[in-house]
Amino acid sequence: MPEAQMQSARALASQAVQSELDGEHGDALSSYIEASKRCLDVLRTSKDSPQDEKDQIKQLASRLLKRAERLKSAQPNLRINDINGGLNESSEIDCLASTSLNPLPNPKLSELQVEFGAQYRRCTYPIFDATTPVRGGEICQGECTDCSFVASLECAAEYDALWGTQLAHGALYPRNEHGPCASTTGVYQVRFHLNGCTSEVIIDDNLPMNSNDELLCASIKQNRKQQWQALLEKAFLCVHRSSYDFSGSTATSDLYTLTGWIPEQISIHDAKFQRESTWNRLFHAWKNGQCLLSAGTGADVEVMTSENLQSLTTLHCYAITALSDDNDQRLVTLINPWKTIQYPSVEPQISSGVPAKELLLYSWEEFCAAFDTLGVNWNPESYHQSKTVHGSWNQSYNEGVRTDHASTAQCDRYELYVAACDQDVLVHLERHQDVQEPGKTHYIALHAFDNQDRIKLMHMEYGGELGVYVDERHTLLRLPSRSSARYYTLMASRHGDDHRPFPAYTLKVWSNADARLTRLSDTQIHRSTLYGAWQGRGGHERSGDFRHNPQFLVNVPVTSNALETVLFRVTTQMNLPMRILLLRGKDRVCSADDKLVIAKSQAYQRGLSICSIPSIQPGQYVAVVSSFQPTDAEFALTVESSCSLNVIALPAEGVGLYHRYGSNHKQYTLKLERNASLEIFMSGHDPHDLHVALYDDHQCWGSATSPARSSTCVALKTQWIPAGEYTIEAGSLTDQHHVDVYSTQPIHLRSL
Numbered sequence: 001m002p003e004a005q006m007q008s009a010r011a012l013a014s015q016a017v018q019s020e021l022d023g024e025h026g027d028a029l030s031s032y033i034e035a036s037k038r039c040l041d042v043l044r045t046s047k048d049s050p051q052d053e054k055d056q057i058k059q060l061a062s063r064l065l066k067r068a069e070r071l072k073s074a075q076p077n078l079r080i081n082d083i084n085g086g087l088n089e090s091s092e093i094d095c096l097a098s099t100s101l102n103p104l105p106n107p108k109l110s111e112l113q114v115e116f117g118a119q120y121r122r123c124t125y126p127i128f129d130a131t132t133p134v135r136g137g138e139i140c141q142g143e144c145t146d147c148s149f150v151a152s153l154e155c156a157a158e159y160d161a162l163w164g165t166q167l168a169h170g171a172l173y174p175r176n177e178h179g180p181c182a183s184t185t186g187v188y189q190v191r192f193h194l195n196g197c198t199s200e201v202i203i204d205d206n207l208p209m210n211s212n213d214e215l216l217c218a219s220i221k222q223n224r225k226q227q228w229q230a231l232l233e234k235a236f237l238c239v240h241r242s243s244y245d246f247s248g249s250t251a252t253s254d255l256y257t258l259t260g261w262i263p264e265q266i267s268i269h270d271a272k273f274q275r276e277s278t279w280n281r282l283f284h285a286w287k288n289g290q291c292l293l294s295a296g297t298g299a300d301v302e303v304m305t306s307e308n309l310q311s312l313t314t315l316h317c318y319a320i321t322a323l324s325d326d327n328d329q330r331l332v333t334l335i336n337p338w339k340t341i342q343y344p345s346v347e348p349q350i351s352s353g354v355p356a357k358e359l360l361l362y363s364w365e366e367f368c369a370a371f372d373t374l375g376v377n378w379n380p381e382s383y384h385q386s387k388t389v390h391g392s393w394n395q396s397y398n399e400g401v402r403t404d405h406a407s408t409a410q411c412d413r414y415e416l417y418v419a420a421c422d423q424d425v426l427v428h429l430e431r432h433q434d435v436q437e438p439g440k441t442h443y444i445a446l447h448a449f450d451n452q453d454r455i456k457l458m459h460m461e462y463g464g465e466l467g468v469y470v471d472e473r474h475t476l477l478r479l480p481s482r483s484s485a486r487y488y489t490l491m492a493s494r495h496g497d498d499h500r501p502f503p504a505y506t507l508k509v510w511s512n513a514d515a516r517l518t519r520l521s522d523t524q525i526h527r528s529t530l531y532g533a534w535q536g537r538g539g540h541e542r543s544g545d546f547r548h549n550p551q552f553l554v555n556v557p558v559t560s561n562a563l564e565t566v567l568f569r570v571t572t573q574m575n576l577p578m579r580i581l582l583l584r585g586k587d588r589v590c591s592a593d594d595k596l597v598i599a600k601s602q603a604y605q606r607g608l609s610i611c612s613i614p615s616i617q618p619g620q621y622v623a624v625v626s627s628f629q630p631t632d633a634e635f636a637l638t639v640e641s642s643c644s645l646n647v648i649a650l651p652a653e654g655v656g657l658y659h660r661y662g663s664n665h666k667q668y669t670l671k672l673e674r675n676a677s678l679e680i681f682m683s684g685h686d687p688h689d690l691h692v693a694l695y696d697d698h699q700c701w702g703s704a705t706s707p708a709r710s711s712t713c714v715a716l717k718t719q720w721i722p723a724g725e726y727t728i729e730a731g732s733l734t735d736q737h738h739v740d741v742y743s744t745q746p747i748h749l750r751s752l
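Just so you know, full-length UniProt numbering puts 395 at position 395 of the sequence shown, and the rest follows in order with no gaps.
A few of these clues could be false.
To be verified - Dumping the calculated DMTMM-like pairs for lysine to aspartate or glutamate here, alpha-carbon to alpha-carbon at most 20 angstroms:
#, residue 1, residue 2
1, Lys666, Glu725
2, Lys387, Asp514
3, Lys221, Glu358
4, Lys58, Glu24
5, Lys287, Asp325
6, Lys508, Asp545
7, Lys108, Asp204
8, Lys221, Glu366
9, Lys586, Asp632
10, Lys272, Asp245
11, Lys66, Asp48
12, Lys287, Asp300
13, Lys666, Asp593
14, Lys58, Asp129
15, Lys272, Glu415
16, Lys66, Asp129
17, Lys54, Asp129
18, Lys717, Glu634
19, Lys108, Asp41
20, Lys225, Glu69
21, Lys287, Asp270
22, Lys717, Asp514
23, Lys108, Asp129
24, Lys272, Glu24
25, Lys671, Glu729
26, Lys595, Glu634
27, Lys508, Asp497
28, Lys108, Asp245
Hint data in this document are derived by calculation from the structure and do not stem from the laboratory.
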């Protein structure tokens, strides 16, 4: 047993106890975790030690972790002081506590592997041969469905061959200066990047083989002196609690797990995709060894007419091994993980039509037409600064909206300071893997708002960026370079199944300038949340259904401050576009008259909408939560302000009144049996002149005209008119309109 290491662990444990007694809880927490980590390291290198000695070390490590957990639970906001660049947050406790000293169970074999006689056998061939470097095109997927991970191995292996690194196999231990080496015990450690830290997976050397000792998993073509790729694949499936019939992932996510390189997934067919600038950025990075590239196809590849493109497989991952730009001819070289290994009869039939090709060469224009996603993993060594925080959406549960009976939407907020920098800043959000709830659905997104005034509001008008919700574990937001220091408000947002505990996450900022990342409490002193719903109604401000959106009366009191600060935030189902508008008034509005609108959020956004007002005068206002089109969904409206506001939901249009309606006629006859008050609404499909009037044989009882060509609705309200027969005149530039009449007494309406 390495006595020196144990003495170091015991000394650190004593230091932790003393720090706790002295009230230095941050130092104590760091020391407890580091001491337990050293105990586990000793155990892994002491396989031949007496069992009673190993039991004593296990007990010590367990006691140290319990002390760390007790400290953290007693002080949830406690931060770990970094020790030698090591652990820096409480999720590290979970990683250490779940570390197993025994190999994980073997993944279940796939049906195809069983069909070809696969059984688990001990690996008797060399693990790694440094004299024969492996290129990306030599790695084969075999009889598994983990194309994303094999494509990741291909990307990393090709990078190693070009740049002399050890990315592809760098996670596998034990190893020497040349690479992985054979374990005398048949047990290997794989250090993956998971849940915001490095997690160690323990596996044995049993691998799926046929009766001829040929691998039926990830293999190297015609080279049995390389088995490291099969061990890494096994560890990857173990950590995902998956069989060799893997359900699928993305190469960017798997490359992050394997290498720790920063993942960015680019949607090629998104409206914001810029083909030329993307090529320039990636080609420059590729030439300088700053990125790894991969690609994924969608479900409609087979409709391609080009014979070259017809060789692609739907819903499949590919490794990009080269970019070239010669005489204005921009080419992309890709590798298909599906390959024939040693036995051609085993090649899977993964797609009807043209058999899969191993090496593919496309022009940049063909590539953008054929593929759905472009995966980029950025070299973290390209960034001199990184800041990390770990959190859990449990903390923002109470402010989330339950978007249905089983889902919720939540946001955690942070302030980011970045000094002046001539390069983009990357913000990476990783949702921690929840192996206890594999069937649960989680969508995550990152939002950023330029907040130079530091009043903790979120201005979409000044550099705000709402990210896209993805059902992946990773998402990246890119903040453009600035010539001066900037403050941002970041929001880590989640939509998903409503179960507890909610998943944890890690938020990391990569920059080449000084950066600070801190969690924000409530942005304002006063805060309230109201719930509402579009009950099959609603619509954008240029539609005739806008007036049916939920509306709220906002009373801003007179205070000692000259002006108050208000923020409105709406969360709803992640695929539902909506926005917030604030108008002057005290009653329901039927149209978004530009003269009345004092603030509104950015154009219709999905799942989350924010409207910030840095200074608002005392008075009464109407907040409209507008969906883009009629829908049936719930939402939560959160109002944060520097003073106490009175916010109440306004009754829906026509509540408690008698209702009649008509369409596309210029005149209607209205009959009242008793004296009544009326509300008449006329709406059109498009903004144009609208006019409505109410009269009888003796006089006009009222009329209303919309602002010229700027409204889709006009309202006429009468306080009291006697029983009798009246004529409603509905005038518009087109015959396409709708008239709603509400009355406090029974009414009859017919068209003329």
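(message) Under the constraints set out in the numbered hints, which ones does this structure not fulfil?
(response) Failing hints, ascending: 4, 6, 8, 9, 10, 11, 12, 13, 14, 15, 16, 17, 18, 19, 20, 21, 22, 23, 24, 26, 27.
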